[in-house]
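Undergrad: Sequence:
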Amino acid sequence: MLIDNNPSLWKDAFPIPTNETHKYMRGHVVIVAGKMIGAARLASRAARRIGAGLATVLCEPNAYPIIARDWPGTMVSSLGEGKRFTEHLVDERKNAFLLGPGGGLDSDLKSKILYTLEMGPKKAAVIDADGLNVFKADASKLLSVLHENCVITPHAGEFTRLFPDLEGGREKMVMAAAQRAGCVVVLKGAETLIASPTGELILNKHASPYLATGGTGD
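Take the sequence shown: its position 143, counting from 1, is numbered 142 in numbering that gives the first Met the number 0, and each next residue is one higher.
Derived from the structure by calculation, the hints contain no laboratory data.
On a predicted model such as this, the values are computed, not experimentally measured, just so you know.
A portion of the hints provided could be inaccurate.
Restricting the straight-line Cα-Cα distance to at most 27 Å, the calculated cross-link-like pairs of lysine-lysine (DSS-like) are [said to hold, decoys possible]:
id	residue 1	residue 2
1	Lys-10	Lys-187
2	Lys-187	Lys-171
3	Lys-109	Lys-22
4	Lys-204	Lys-187
5	Lys-22	Lys-10
6	Lys-109	Lys-122
7	Lys-135	Lys-22
8	Lys-140	Lys-109
9	Lys-34	Lys-10
10	Lys-93	Lys-171
11	Lys-171	Lys-135
12	Lys-204	Lys-109
13	Lys-34	Lys-122
14	Lys-204	Lys-140
15	Lys-171	Lys-204
DEER-style ranges, computed between Cβ atoms [said to hold, decoys possible]:
id	residue 1	residue 2	range
16	Glu-190	Met-35	24 to 32 Å
17	Pro-6	Gly-214	23 to 31 Å
18	Arg-68	Gly-198	27 to 35 Å
19	Pro-71	Gly-167	27 to 35 Å
The beta-carbon is built from N, C-alpha and C at its ideal position, and this holds for glycine as well.
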């Protein structure tokens with residue numbers, strides 16, 4: 000059944016702070032920055048504004064000064080390879096990861112996504128933008144490592160590249176995609192559909208056309 004998005008669906012789960020709440024209780028979001036660091040900057044701002052207690056941007060050293068001066072409350076750390084990146088994944092205080100925005104279409108982003116989903120604990124992970132596009136020639140590989148704590152957020156073109164065989168209306172296709180991926184699929188558009196692998200389908204039809212500009216997704 001298609002459900003219209005409204006506050007009654009999520010307000011009770013929204014992390015409203017109390018007098019006893021401290022920052023570590025409000026979640027720690029890790030944003031893996033790519034070559035176009037504006038996306039990571041926007042995402043870190045969004046994470047802080049929506050209520051995350053902490054936000055860390057992992058980036059290359061040459062991006063440190065730019066991101067550090069953006070929002071003083073956002074932490075900046077080395078993106079690193081191997082052991083250094085693993086330290087972020089296994090840190091129990093860091094419980095949500097964002098990979099893809101501004102990431103670029105190269106093997107480095109692809110390997111980090113696969114490593115995060117295959118080797119790390121099954122933490123909440125949002126895969127967006129280039130995080131989806133980098134698998135356009137190997138969609139089955141991404142689908143094989145997604146888990147129940149993942150959210151993928153394709154627009155129509157990215158959706159077609161990930162699920163080229165699906166046919167029918169948007170509602171039918173996004174439901175099939177969520178079952179195949181084993182995670183939440185957000186099919187973006189003027190009317191965004193949010194499907195879970197357990198059969199829920201929510202319609203968000205409250206978007207403004209002024210959101211159709213670069214960076215709003217971040």
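Undergrad: All hints, please: hold or fail.
TA: Against the structure, the hints come out as follows:
no. : hint                            : result
1   : Lys-10 with Lys-187             : holds (22 Å)
2   : Lys-187 with Lys-171            : holds (15 Å)
3   : Lys-109 with Lys-22             : violated (31 Å)
4   : Lys-204 with Lys-187            : holds (11 Å)
5   : Lys-22 with Lys-10              : holds (20 Å)
6   : Lys-109 with Lys-122            : holds (18 Å)
7   : Lys-135 with Lys-22             : violated (38 Å)
8   : Lys-140 with Lys-109            : holds (10 Å)
9   : Lys-34 with Lys-10              : violated (36 Å)
10  : Lys-93 with Lys-171             : violated (35 Å)
11  : Lys-171 with Lys-135            : holds (22 Å)
12  : Lys-204 with Lys-109            : violated (32 Å)
13  : Lys-34 with Lys-122             : holds (24 Å)
14  : Lys-204 with Lys-140            : violated (32 Å)
15  : Lys-171 with Lys-204            : holds (17 Å)
16  : Glu-190 with Met-35: 24 to 32 Å : holds (28 Å)
17  : Pro-6 with Gly-214: 23 to 31 Å  : holds (25 Å)
18  : Arg-68 with Gly-198: 27 to 35 Å : violated (46 Å)
19  : Pro-71 with Gly-167: 27 to 35 Å : violated (49 Å)
The structure fails hints 3, 7, 9, 10, 12, 14, 18, 19 (numbered hints given earlier, in ascending order).
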